[in-house]
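Given the coordinates of chain R, assemble chain C onto it according to the supplied hints.
Number of protein chains: 2
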Amino acid sequence: MASDVISSDRVEGTNVYNVSGDKLGSIDDLMIDKLSGQVRYAVMEFGGFLGMGTDRYPIPWNMLKYDTSQDGYVVPLDKAQLEGAPRYTNEAVPDYDETYRSSVDKYYGL
Amino acid sequence: MASDVISSDRVEGTNVYNVSGDKLGSIDDLMIDKLSGQVRYAVMEFGGFLGMGTDRYPIPWNMLKYDTSQDGYVVPLDKAQLEGAPRYTNEAVPDYDETYRSSVDKYYGL
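Heads up: the protein sequence lines correspond to chains R and C, in order. Residue numbers are given in the UniProt record's numbering: position 40 of the first sequence equals residue 40, and the series is strictly consecutive. Residue numbers are given in the UniProt record's numbering: position 26 of the second sequence equals residue 26, and the series is strictly consecutive.
Looking at chain R on its own, in the form it has when it is part of the complex (with noise of 0.2 Å):
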């Protein structure tokens, strides 16, 4: 039976891909809710060069599912919903506080 607990240092640096295979990304980070210990994003990293210019992107967590065939993420968005999505910068990181979830989570229909 494979264990169903897995380390947040293994999380960070997995691929992400859309429903087609396409890699999207990677996972940068994880944002995790201080009180209850539930992680709320996977923080996508996606484009850029030796980190200059890279565009984060914070994905609800209920929305990657692992997939062993891959040994990565999928996320069922395409390629005009990341267009749209909420990203920042390295350099301008927001607080997350309510108004910054709400907006997000509103984004995926959550």
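Please keep in mind that the hints were generated in silico from the structure rather than gathered at the bench. The C-beta atom is built at its ideal place from N, Cα and C for all residues, glycine as well. Hints are not guaranteed to be accurate.
To be verified - Examples of chain R residues lying across from chain C (beta carbon under 8 Å, computed):
| hint | residue |
| --- | --- |
| 1 | 4 |
| 2 | 8 |
| 3 | 9 |
| 4 | 18 |
| 5 | 19 |
| 6 | 29 |
| 7 | 33 |
| 8 | 35 |
| 9 | 37 |
| 10 | 38 |
| 11 | 61 |
| 12 | 63 |
| 13 | 66 |
| 14 | 77 |
| 15 | 82 |
| 16 | 96 |
The following block gives chain C in isolation, referenced to the frame of chain R:
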């Protein structure tokens, strides 16, 4: 109002203290329930030098309280409790299967 979400990047490396304010170690990694995204354990690193001989202690997330004055987590564990606590080395990471998790939870009375 402070943000109630924290980045895994920031949790990793944070110091852990006992209630007397003695430093016990620091958080190295988080073990996350794959399905629910719930952080089950913070893995505390304790002792060792340059990563050699370091013991790792899985601590149930609920036991860690963040203390802003120490800029670290506080756990209600004394020396004797830590001496008997479940631990492993980097060379022998357990499977974190149901049996292992139950033994950790049981040790901490959960």
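Hints and how they fare:
1. 4: holds (5 Å)
2. 8: holds (4 Å)
3. 9: Nearest chain C Cβ about 5 Å off; hint holds.
4. 18: violated (20 Å)
5. 19: Cβ of residue 19 (chain R) sits 19 Å from chain C, so the hint is violated.
6. 29: This interface hint holds because 5 Å falls under the 8 Å limit.
7. 33: holds (6 Å)
8. 35: holds (6 Å)
9. 37: Where the cut-off is 8 Å and the nearest Cβ of chain C is about 4 Å from residue 37 (chain R), the hint holds.
10. 38: holds (6 Å)
11. 61: Status holds, d = 4 Å.
12. 63: Since the shortest Cβ distance to chain C is 11 Å, the answer is violated.
13. 66: Holds: closest Cβ of chain C sits about 7 Å from residue 66 (chain R), inside 8 Å.
14. 77: violated (18 Å)
15. 82: violated (21 Å)
16. 96: It holds, given that the least Cβ distance between residue 96 (chain R) and chain C is near 4 Å, below 8 Å.
The structure fails to meet hints 4, 5, 12, 14 and 15 from the earlier list, while all remaining hints are met.
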